[in-house]
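Engineer: According to our numbering, the sequence shown is numbered sequentially starting from 1.
Please note that the accuracy of each hint is not assured.
[Unchecked claim] Derived lysine-lysine pairs resembling DSSO-like cross-links, with alpha carbons at most 27 angstroms apart:
no.	residue 1	residue 2
1	Lys145	Lys55
2	Lys169	Lys154
3	Lys87	Lys104
4	Lys87	Lys153
5	Lys117	Lys87
6	Lys104	Lys39
7	Lys87	Lys38
8	Lys82	Lys68
9	Lys104	Lys153
10	Lys55	Lys38
11	Lys55	Lys87
12	Lys38	Lys60
13	Lys82	Lys117
[Said to hold, decoys possible] Now the in silico label distances, taken between C-beta atoms and shown as ranges:
no.	residue 1	residue 2	range
14	Ile156	Tyr124	15 to 23 angstroms
15	Tyr124	Lys97	36 to 44 angstroms
16	Thr62	Val172	23 to 31 angstroms
17	Tyr124	Lys39	15 to 23 angstroms
18	Gly100	Ile156	38 to 46 angstroms
These are calculated hints, taken from the structure and not from any lab test.
Beta carbons: idealized from backbone N, C-alpha and C, even for Gly.
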Amino acid sequence: MKKLALLLIFICALVCVGCDSTPSKGPDKDSKPVTEVKKEQSFIVYRASADGSEKLLPEKLTVQDNGKPIEYNALVALCSTKPQNAKMDDVFPVGVKVLGLEIKDGIAYADFSKEIKNASKGSYNEMLICYAITNTLTEFKHIQKVQILIEGKKCITLNGHMDIEDPLKRNVTLL
């Protein structure tokens with residue numbers, strides 16, 4: 001009798017271990033996969049006027065947030081995208097890369113690859129590049145000046161026409 005009782009207890013224990021009182025959660029026929037919501041960043045960049053006048057025109061751009069600061073994304077967009085409006089001209093040489101951007105005490109230190117020195121349209125183009133960068137970054141209230149760096153170093157000029165040794169202030173006369 002003891003053997004039969006032990007056998008029944010053993011069988012009951014096995015049956016209980018195999019039972020799960022919680023229902024299994026399989027895929028719901030009506031459920032949709034969870035998608036990550038991408039944030040967007042909107043900002044103003046300044047482009048040269050295509051009519052040859054010494055003017056910079058504002059262009060509003062919206063990009064996907066890639067985890068980088070909005071100021072950095074604005075600078076990259078300025079250098080690597082084409083204007084969306086035929087009234088604007090792209091003055092940046094092909095291959096220019098933003099190597100970094102640091103903001104300290106109201107000054108943005110914008111570091112570019114050496115290709116930025118390949119501007120070929122003289123003093124006019126050099127001035128528009130420098131102030132497109134400066135006016136784009138000074139759109140952000142916490143940036144008052146911009147120091148343009150090439151390969152991490154201060155330079156006297158991009159192409160021999162405009163002094164960029166010191167940080168540049170926003171140039172409203174070009175707007």
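Engineer: Decide, hint by hint, whether the structure agrees.
Structural biologist: So, going through the hints one by one against the coordinates:
no., hint, in the structure
1, Lys145 with Lys55, "holds, 19 angstroms"
2, Lys169 with Lys154, "holds, 16 angstroms"
3, Lys87 with Lys104, "violated, 34 angstroms"
4, Lys87 with Lys153, "violated, 34 angstroms"
5, Lys117 with Lys87, "holds, 25 angstroms"
6, Lys104 with Lys39, "holds, 26 angstroms"
7, Lys87 with Lys38, "violated, 31 angstroms"
8, Lys82 with Lys68, "holds, 21 angstroms"
9, Lys104 with Lys153, "holds, 16 angstroms"
10, Lys55 with Lys38, "violated, 34 angstroms"
11, Lys55 with Lys87, "holds, 11 angstroms"
12, Lys38 with Lys60, "holds, 19 angstroms"
13, Lys82 with Lys117, "holds, 19 angstroms"
14, Ile156 with Tyr124: 15 to 23 angstroms, "holds, 19 angstroms"
15, Tyr124 with Lys97: 36 to 44 angstroms, "violated, 23 angstroms"
16, Thr62 with Val172: 23 to 31 angstroms, "holds, 25 angstroms"
17, Tyr124 with Lys39: 15 to 23 angstroms, "violated, 38 angstroms"
18, Gly100 with Ile156: 38 to 46 angstroms, "violated, 20 angstroms"
Checked against the numbered hints given earlier, the structure breaks hints 3, 4, 7, 10, 15, 17 and 18 and satisfies all the rest.
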